[in-house]
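Peer 1: If you read the sequences in order, they're chains A and B.
Residues in the first sequence are numbered consecutively from 1, following our numbering.
Residues in the second sequence are numbered consecutively from 1, following our numbering.
By construction, these hints were calculated from the structure, which means they are not laboratory data.
Beta carbons are placed, not taken as given, at the ideal position from N, Cα and C, and that holds for glycine.
It cannot be assumed that every hint is accurate.
[To be verified] If we take Cβ atoms under 10 Å as the criterion, some of the chain A residues that face chain B in the derived model are:
| hint | residue |
| --- | --- |
| 1 | 52 |
| 2 | 94 |
| 3 | 224 |
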Amino acid sequence: MAAFRDKFRLASVFLFLAFALAGAFGYSLLSGDVRIPFQEVLEILATGPAGPAGSQESLARAVIWHVRLPRALTALATGAGLACCGVLFQALLLNPLAEPYTLGVASGAAFGAAAAISFQLPFLTFWAFAGSVGALGVVFALGGRGALREPPRMILAGVVVGSILSAAIALLKALSGQMMAAIVLWIMGSFAGSTWGSTAWCFPAAILVSVLGFGLHRDLDIVASGSPAMALGVNEPRLRMGLLLISSLATAVFVSFSGVVGFVGLVVPHLVRILAGPNHVRLVPLSFLGGGLLMLVADQAARGLSELPVGVITALVGGPVFCVLLWRRA
Amino acid sequence: MLRAIRVSAGYGSQPVLHGLSLEIRPGEVLALLGPNGSGKSTLLSALCGVVRVLEGEVLLEDRPVLGMDRRSVSRQVAYVPQQFAFTQGFRVEEIVLMGRSCWLGPFENPGEIDRRKVEEALEAMELERVREKPVTELSGGEAQRACLARALAQDTRFCLFDEPTASLDPRHALLVMERLAGLAQEGKGVAVALHDVNLAFRHASRIAFLKEGRLFGVFRPSEVDESVLESVFEVGWRFAVGPGLSRLAFPA
Numbered sequence: 001m002a003a004f005r006d007k008f009r010l011a012s013v014f015l016f017l018a019f020a021l022a023g024a025f026g027y028s029l030l031s032g033d034v035r036i037p038f039q040e041v042l043e044i045l046a047t048g049p050a051g052p053a054g055s056q057e058s059l060a061r062a063v064i065w066h067v068r069l070p071r072a073l074t075a076l077a078t079g080a081g082l083a084c085c086g087v088l089f090q091a092l093l094l095n096p097l098a099e100p101y102t103l104g105v106a107s108g109a110a111f112g113a114a115a116a117i118s119f120q121l122p123f124l125t126f127w128a129f130a131g132s133v134g135a136l137g138v139v140f141a142l143g144g145r146g147a148l149r150e151p152p153r154m155i156l157a158g159v160v161v162g163s164i165l166s167a168a169i170a171l172l173k174a175l176s177g178q179m180m181a182a183i184v185l186w187i188m189g190s191f192a193g194s195t196w197g198s199t200a201w202c203f204p205a206a207i208l209v210s211v212l213g214f215g216l217h218r219d220l221d222i223v224a225s226g227s228p229a230m231a232l233g234v235n236e237p238r239l240r241m242g243l244l245l246i247s248s249l250a251t252a253v254f255v256s257f258s259g260v261v262g263f264v265g266l267v268v269p270h271l272v273r274i275l276a277g278p279n280h281v282r283l284v285p286l287s288f289l290g291g292g293l294l295m296l297v298a299d300q301a302a303r304g305l306s307e308l309p310v311g312v313i314t315a316l317v318g319g320p321v322f323c324v325l326l327w328r329r330a
Numbered sequence: 001m002l003r004a005i006r007v008s009a010g011y012g013s014q015p016v017l018h019g020l021s022l023e024i025r026p027g028e029v030l031a032l033l034g035p036n037g038s039g040k041s042t043l044l045s046a047l048c049g050v051v052r053v054l055e056g057e058v059l060l061e062d063r064p065v066l067g068m069d070r071r072s073v074s075r076q077v078a079y080v081p082q083q084f085a086f087t088q089g090f091r092v093e094e095i096v097l098m099g100r101s102c103w104l105g106p107f108e109n110p111g112e113i114d115r116r117k118v119e120e121a122l123e124a125m126e127l128e129r130v131r132e133k134p135v136t137e138l139s140g141g142e143a144q145r146a147c148l149a150r151a152l153a154q155d156t157r158f159c160l161f162d163e164p165t166a167s168l169d170p171r172h173a174l175l176v177m178e179r180l181a182g183l184a185q186e187g188k189g190v191a192v193a194l195h196d197v198n199l200a201f202r203h204a205s206r207i208a209f210l211k212e213g214r215l216f217g218v219f220r221p222s223e224v225d226e227s228v229l230e231s232v233f234e235v236g237w238r239f240a241v242g243p244g245l246s247r248l249a250f251p252a
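Please put together the full structure from these sequences, using the hints given.
Peer 2: As structure tokens, this is what we get:
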């Protein structure tokens, strides 16, 4: 009976998230300054970016294919990917406060972007990515080989590197004069500049981390449960090294295109854990759906509020939901 | 056979074990006894490849454990460490099922055999009543039995247990020791680190005494006398005859 109730609850959560995600995705294609009826959106999607042979490109088609669709897909992929990365980080670092930004990736990206904006360098995304990878390299080098057996050492290295970079960002802001607003806005995150280029990077990154997390769900369960992983056939240091590196690089991709959108990677895994338990076979796909949903809703709200930073919205939308669940569980 | 050959092992660069050689044979319960810090836990960890061997080697059926894939080692050697701290609320049956993980591929679901092994292990450790309970809500003894059940479900040829009765009441301590003896009767090699000399007398085929990271000696239970125990533990011992003419040892 308990098993049936458990499966029913899981199926309900899955279906709710899947339908809500599909609904939020559809709504993000429908809504905006240019009003495009539902039927026309479907027709535009069905006939492709070029439209039927011989037809001229319409404003509606351009808006759907070049603005709304890449933006919605990038937001979905970023939310889903950050949530899955959060699941992996919390399991591998054995720390409920771990998130995709724990190893200094976000600070590195923010520093790279702030430097590029301050010095008016081209290819902002490249500099953000370079900053992320550089920070990650320093954290891994600081932690050393021993850190793979001692997660707190790795977290500490991430915190130290993040703090130094935050100070450097503050310095850049102070020295950048008129560019300060641009730096602050970039850091707080936005999907306003999303293109098919950002979708092409973010979607595979999100798929990669979620497939890895799902495929290795048993190993992640063993590590996260506090069981002796090595004795149960899991090469823990290798798993930690591989997955932290891959998910940090994926996070670097997300923040390089969309800025530092907080909250999703930390709270969505906890939220899903409350609803569906600690098993990664459930946690990974449900976090994928939940993260994508929260980010789409947050981006939709950001669009409706004169492009407010999306990180502010994720916290404002997700925070109360998390509080309610936590309160009900208590 | 699982053999340690002149093994030095430890944590960091400081060895805890110094050139220790020992073998675990199929069909026996080998008890490891010795004072705190004598290297019992380090030896068990080294035998399953969890602790890096600094010198010497560990051979599993004549193959060095060091070069073997972790999954292959875990299919042949189960290990239950002394300390356990469950950090998330997995259910007891899920924890026990983790013992079958080394037998499953990444996308493979547990099959009939896996479920049967889990049921047998839960039954053997009397955990059916709490099978759906989160492990974080178990008592210390129940959590220890969940760890032991996980190792039983692993169904390996060699089983290494580090103080498996430390958190158990007398009835469950006997239950566990009898199950370990049962494993030996099934042809498996069992090594168990203990502090209770009398449990070792009652259930072990051989007793290996460790002192300061070195092997003091290996004895049959009947060969152990006051002088052996006194030399190892540095305290006087007396023997008495217990029920069924079994020998009982007491620190004097």
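Peer 1: Which numbered hints turn out to be false for this structure?
Peer 2: 1
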